[in-house]
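Student: Here is how the chains run, residue by residue.
2 protein chains.
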Amino acid sequence: MKRLRTFIALAAVPLFLAACGNLGSSSMSSGSKTSTSGTQLTGQSNDNDYEGVIQSGHYTVSKSRGVTNTQDSGNTYNLKSFENGMLSVSKKVFSTKNYVFQEGQYLSSTTVQNWLDRKSKTNSVGLNPVDNGSKSASKRNPIYIQALEEQDYMTQKNGKLSLGGVTVGIAVNSVDYFKKVQYGATYETKITQAAGEAYAKKAANTVLKRMRQKSALKNVPIVIAVYRQASNDSLIGGTFLAYSNNKAGSTSVAKWTALNQKNYVFPISNGASSPNSNDASSFSNFKSQVENFFPNLSGVTAQAQYDGKTLQGMHVNITTQFYSQTEIINFTQYLQTAAQKYLPSGVPIDITVSSTDGIQSFLNRTASEKKFSSHVFNSY
Amino acid sequence: MKRLRTFIALAAVPLFLAACGNLGSSSMSSGSKTSTSGTQLTGQSNDNDYEGVIQSGHYTVSKSRGVTNTQDSGNTYNLKSFENGMLSVSKKVFSTKNYVFQEGQYLSSTTVQNWLDRKSKTNSVGLNPVDNGSKSASKRNPIYIQALEEQDYMTQKNGKLSLGGVTVGIAVNSVDYFKKVQYGATYETKITQAAGEAYAKKAANTVLKRMRQKSALKNVPIVIAVYRQASNDSLIGGTFLAYSNNKAGSTSVAKWTALNQKNYVFPISNGASSPNSNDASSFSNFKSQVENFFPNLSGVTAQAQYDGKTLQGMHVNITTQFYSQTEIINFTQYLQTAAQKYLPSGVPIDITVSSTDGIQSFLNRTASEKKFSSHVFNSY
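Just so you know, the protein sequences line up as chains L and G, in that order. Quick note: the first sequence, position 365, residue 365 per full-length UniProt numbering, numbers continuous. Quick note: the second sequence, position 225, residue 225 per full-length UniProt numbering, numbers continuous.
If you're looking for bench data, these hints aren't it; they were derived computationally from the structure. Don't take every hint at face value.
One copy or two, either will do: identical chains are not told apart, so a pair holds if it fits within one copy or between any two.
[Said to hold, decoys possible] The list that follows gives simulated cross-link-like pairs (lysine-lysine, BS3-like), each with its CA atoms no further than 27 Å apart:
| id | residue 1 | residue 2 |
| --- | --- | --- |
| 1 | 247 | 180 |
| 2 | 255 | 218 |
| 3 | 63 | 262 |
| 4 | 209 | 180 |
| 5 | 180 | 121 |
| 6 | 341 | 201 |
| 7 | 92 | 119 |
| 8 | 341 | 209 |
| 9 | 97 | 341 |
| 10 | 135 | 63 |
| 11 | 92 | 179 |
| 12 | 160 | 341 |
| 13 | 214 | 201 |
| 14 | 370 | 201 |
| 15 | 63 | 157 |
| 16 | 214 | 179 |
| 17 | 247 | 370 |
| 18 | 180 | 218 |
Construct the entire structure; sequences and hints are all you get.
Tutor: See below:
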């Protein structure tokens, strides 16, 4: 980081252009207040996050901005988990120390839209299968690929940011929702994990070949990650199945690395099992301590992510009726104690307390911390 | 605190009953998991907050729970600012080190409701004026007192929590909203600050006298604080005008201490002025740096509280369209740098970033910190 920062700073003549670690040194231009010229970086909240690229005071948005968003509207958890997962996979290949994040600049909205459409006479580049005419859930060709997103990872060469690598995420459906007539009922074609994964891996080869045709993408590593979307009724997003790191110049995927990611909603529903019964019972002890705190029952659920049998983190959601600010303050203090006592240690956990009026308070703890820090949302 | 903790711990035979500072020592019962017997405290997030009282695992809710809430539904900012302000006033008299917070246990819902009603043949205890029959905004007797709330402050005596003092907040209207016919249009009777304050101070004497009639309240200090509600169209809550600290046994208010609290919404609207032009220009520099970060304009406003000409703190609200998680992550990193650079230092500031999907991220800094810490809300 230090080296990168110095490099960029040296090059910043006459522009003030500097990266910053942990906000110690500000990356803001000290020049004009309303429009900053040149390239800046966002600054870095912590060493585990990439800095992002700002051009003339504006964030460099994705060239296909919004395409994924629309695609994913069925289950909003998918969007966040897809993009966060792409960042996590990228961190395995492009370190946050040496690379800067930039939203995808090489695949345009039109390109991504055409690739996501079905293959047809008018759209020869479609990655989804041709429409075979059937309206039967089991006989039709489903839409396999629901979203495709590009993320760019920049390095510093001769005082300028330049492309150091690209990550492409391919999201396949677990359920393809379709209508037989416009505005009609919604039907479902289920896609098994094996079928979806195989389809995505085949498409990944096509995508890699096509990307190599762009001169800027010829000689950089391209990571491709395959994601399986959760169904629309899921209370949690999907997970990544596999990724490949394709060396500069390679035009077909040589090797896939499997990912053993699984998401769970706590409390585990009857009949289902969690990968680790200790975590499940920790959570239910916490839940029973917390749900009866007020005369009105508070709802306590959690999203948990596992890598194999190892818990990776938890998002706890508590919903409660809002009566008074002092109740929320005291509830939050109580949660701080109860969470430390009952919830699994050694993993990042956050807890949000919401009412119909929106979020009321929030607690979190990183993997290495012992105590939860908390914040009660307030108003003058 | 230390002393209090030891006292309570000593007394906790056979119950486990202990206060705790900063979560270092847990106040949770180590006994039964689902129902904890005896008195506990919530634990304390930081030295500036009171701990709260838990009885048999349940929070000790106010005996008049919900009455204020209903009263205040016109402007939800009022409720939070009223209760937080009562805590702030209380801290001037009852230190967080030596007192424990308990929701009001001496004034019941019925009592508070009757006091808040108009005086009438059937309700001789009403603190609001008799209905003079007029429907004219300027001739009718308005409802002056909109809310009344009790907070109890407990100390430790002979190993048991006992009442150490009480704070009563009296909230007067700046505007009394009324209807001439049921379900009809809403009309307004404006109440000047002077008139509202005078009315509340007179009522305070009555309240004090009545409270002294309860044996438990005879010999404890009773703090009475007068609050002026903001109008329903305000983007900020009301403020406290004055408080009195009435010694044990006293039945009439001897002395009022004026409070010079003022709330402002930034950016200051045209023609209006803020108590400190530096703060206002700091905020607008921050705003112009931030609002053009994305191609879609982000809305940036703030609530600021002043004591005289001195800024006490700021709640900044940023609304932005939600496109992607990576945008929010980078925006938040950028805000961290920009907020540190532009926003006034030495006061507590928090910043929430929301979209139509709810809160996306959050930053805050205490008065003594230099750097903002941040959290991006996430999902698996």
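Student: Each of the hints needs a verdict: does it hold here or not?
Tutor: So, going through the hints one by one against the coordinates:
1. 247 - 180: Classified as neither: same-chain Cα gap 44 Å, cross-chain 77 Å, threshold 27 Å.
2. 255 - 218: within (19 Å within a copy, 81 Å between copies)
3. 63 - 262: neither (31 Å within a copy, 46 Å between copies)
4. 209 - 180: neither (35 Å within a copy, 74 Å between copies)
5. 180 - 121: Only inside one copy: residue 180 and residue 121 sit 22 Å apart there, 69 Å across copies, limit 27 Å.
6. 341 - 201: Neither. Shortest intra-copy (44 Å) and inter-copy (47 Å) distances fail the 27 Å Cα cut-off.
7. 92 - 119: Intra 33 Å, inter 72 Å, cutoff 27 Å: neither.
8. 341 - 209: For residue 341 and residue 209, the Cα distance exceeds 27 Å both inside one copy (52 Å) and across copies (45 Å).
9. 97 - 341: between (35 Å within a copy, 24 Å between copies)
10. 135 - 63: neither (34 Å within a copy, 61 Å between copies)
11. 92 - 179: Intra 40 Å, inter 65 Å, cutoff 27 Å: neither.
12. 160 - 341: For residue 160 and residue 341, the Cα distance is within 27 Å only across copies (25 Å; inside one copy 50 Å).
13. 214 - 201: within (21 Å within a copy, 77 Å between copies)
14. 370 - 201: Neither, since 41 Å and 48 Å both go past 27 Å.
15. 63 - 157: within (23 Å within a copy, 68 Å between copies)
16. 214 - 179: Neither: 37 Å inside a chain and 69 Å across chains, both beyond 27 Å.
17. 247 - 370: Answer is neither; intra-copy 41 Å and inter-copy 43 Å both fail.
18. 180 - 218: Answer is neither: 42 Å inside a copy and 76 Å across each miss the 27 Å cutoff.
In this structure, the earlier hints numbered 1, 3, 4, 6, 7, 8, 10, 11, 14, 16, 17 and 18 are contradicted, and the remaining ones agree with it.
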